[in-house]
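Visitor: Chains as they are written, first to last, in the numbering used here: chain A, 1 to 542; chain B, 1001 to 1236.
Keep in mind the hints are simulated off the structure, nothing from the lab.
Nothing here was measured: the structure is a model prediction, and the numbers come from that model.
Positions of the beta carbon are idealized from the N, C-alpha and C atoms, including for glycine.
Please note: incorrect hints may appear among the correct ones.
Heads up, incomplete: computed chain B residues facing chain A, CB under 7 Å, no partners named [to be verified]:
1) Leu1118
2) Phe1122
3) Asp1126
What the simulated footprint calls covered on chain B by chain A, stretch by stretch (three residues with Cβ under 8 Å from a Cβ of chain A suffice, anywhere in the stretch; the number is not a length) [what the hints assert, rightly or not]:
4) 1010-1019
5) 1030-1041
6) 1044-1058
7) 1128-1135
8) 1168-1182
9) 1217-1223
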Amino acid sequence: MTPRNLIRTLTRLFDTAPFAVAAAGVGLVALVTGAVTSVLIPALESTGTWLALAGVGSLLLSLLDTLRRSNSPTARRRRRYGLNVALMLATFLAILGVANFLSLRTDVRFDTTFSQRFTLAEQTRTVLDDLDHKVEATAFFVERFEDVDPLQSALRDRTESLLSEFERIAPGRFAYRFVDPETDPVLASEKGVDRYPGVLFESTGAGARYFAPAASNVEQAFLTGLLVASGSDQKTVYVLTGHGELAVDDAGVTSNRGFALAVEGLRNDSYQVAPLNLQAEEAVPEDAAVLLIPSPMTALTEGEQQALSSYLKRGGGVLALLEPEADDSWRAWVLEGGVSVGDGYVIDSGSHVAGTPGIPLITPSQYAAPYITSQLDSTLFPGLAPVGLFTDPQLMPTLVDLDFLAATTPVSFASAQISATAPGNDDLTGPFLVGVIMRMVGPLTEPPPDAADANVGTLGVFGDGEFASNRFFPALSNGDLFLNVVNELAGDVPLVQVRAKPLEFRALVLTGEQLTLVRLLGWLVLPVLTLVLAAVAWGRTR
Amino acid sequence: MKTFLIARREALAYLTSPGAYDIVFVFTAITGYLFIDGISRPFPEATVNRYVGSITFSMVFLAPALTMRLFAEERRLGTLDLLLSSPVSDWQVVLGKYLGVLSLYALMLLATVFYAALLYWFGTPDSGPVASAYLGLFLYGAAALAVGLWTSSLTANQTVAAILGVGILVLLSITQLAAPATGGWVATVLEEASLVTRFSDMRQGVVDISDVVYYLSVITLFLFLSVRSVESKRWV
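If we strip away everything but chain A, and leave its shape as in the complex, we get (with noise of 0.2 Å):
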């Protein structure tokens, strides 16, 4: 089609004066030329302005050609007609433009999935919020990975729309990108990345940066690098050792001495975990935020006893997993906190781990205090003691306040047989505490102090330290309850939001025939269907 023959066919279509058609067609084509140009290539941003402008001076010269040629009463009324409409559609673009403005600045989204992966935890937003310094996060994923591997394709997915999510949260204090190592590789060098995939938290202000393996649960390894990148201090947790403890560094998956799987849940917490002896130090460091004493066996020495009485008194918070064989010094010491730690065996016919009434099984229903526990499945509490009160609350002066954390069914008792199938004469009946948090102002045996010196001192006790071994750490939810009892100690929000959203892949798992049957239905239903009912209409319009 020469020029001409497209003008005329253009001029037929729309009505208009050729050289009006040629000045709109040229015009516009200038200008989108140009914006485009200035806008995506820096290097001739004046070429492209320059060009848009020439085309915004076509468009005007096919405006005027279009009004002298027409000064009919017609082409009068037209005008006015149009120029009607050019200022109704101003109005309608401008409300338009404020309802779409106001909807982007208000916050208001349905996460429809069913573990609501995309809704961030508050914790998160919280971090986000108080941001101080501007986040970089570089994100390093190799492309061709994705391709073969739809668990990698949905983990970019999920690690993508995280990091939307958090730059929409705090705009211009967090940014990304996305890098492929495999073209990029020298960027991959030059930030010391040699792990993929993962994310690397970069802030330029607070001068930290820490690298975020893109795991199984994204939010979690995120917010721990959002943390230290924007410089917030990393609380401390200390772990006693000297009496028999779970030891931190046995990380054999069905060690029931072993504390590593739990360590490794503090870390991913955002904590800092050291191992502490009191033997060899005099007093709990300083900026201990909590100190762990999981299930010790030996006894606790005079000198042991008064650094954490002390450390208590200080204000710090103790978190003491007593096992049924635990020496009686441990008793004796969180007795003096209001705590009684029992002897024998919580043996619990009501609620148990299938087979094994020594075991009990604690369910939803038997939490208390939600704010720690509300978001939690059930937990297991292989070898309970049965835990309670040394005497009624109103009688401890330096008590301020407690916290029951769940507790056995009624028709538990106490026995000094794990294996024992009903309770004895001597034996104790329940319920029993599962484990309780007090918070004091000192030990019982000592008046209350003074309100201007007053610390409130915060001593978590449990009948049990197995359920947070290595080998019952992932069961249920008692990995979720030790932690968030720990984030309470420490002062922060139980973090089981952050926790409870591993990635999500819901796999379609199909025979062989069964893939053929779904191919072909796929294949022919709809098509075929759709053939049909074309015939019938054909046959119907004929």
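Put chain B on the given structure of chain A with help from the hints.
Guide: For chain B alone, kept in the frame of chain A given last:
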């Protein structure tokens, strides 16, 4: 009431026209192929995520194909003047035709629920994202049809109307690609103006009110333009 009468007439016209079935056939064939392709990959996931993306892509071409005849054909046959001289307002004409083609699109979408049903038969898809993806598809298609309706009102030539519609929809689908090369508010506008970007959240299971407002804005804007375009025929 008059609006619904016009809508009913348009919907019946589609359902008795072999041409409309051709478009539906192409739509179901593309969707079916991409559904099968998705589940034939190694380690498939029980999700509608893959094939709903293909529906948005095909709607860039199929929406103008569905709408191109709505006004263009009436103009070519000269029946538009008859319609405009009848006791119905321009809004009723435009809205009636739009609802007619929208009901056909809703039927097309309903047909693809068959693929989701297959996923439920052999797997356990997350129902929330399935529902939100279909809501997104409906809004996306409704916006694309509004664009097509407007281009159909501009000319008597169906082919020109379809090409114009495809051009506008392609442009509205790729604006986000230019965003990285720009910065500041220009990048934000380019990103947020994209029909594709606004669909991505709903595709994954997140319904953001701003996305819904955006699609409703596009629909009302192009319906408004269509009304003005039809109205302009009375100016002569």
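Visitor: Next step is simple, just say for each hint if it's right about the structure.
Guide: To see whether the hints hold, each was checked on the structure:
1. Leu1118: holds (6 Å)
2. Phe1122: Because about 6 Å separates Phe1122 of chain B from the closest Cβ in chain A, which is inside the 7 Å limit, the hint holds.
3. Asp1126: This interface hint holds because 5 Å falls under the 7 Å limit.
4. 1010-1019: holds (count 4)
5. 1030-1041: Three-residue rule met by the region 1030-1041 of chain B, so holds; n is 8.
6. 1044-1058: Contact hint for the region 1044-1058 of chain B vs chain A: holds, 4 residues under 8 Å.
7. 1128-1135: As far as the region 1128-1135 of chain B goes, the hint holds, because 4 residues have Cβ atoms under 8 Å from chain A.
8. 1168-1182: holds (count 3)
9. 1217-1223: That given contact holds, which follows from 3 residues of the region 1217-1223 of chain B lying within Cβ reach (below 8 Å) of chain A.
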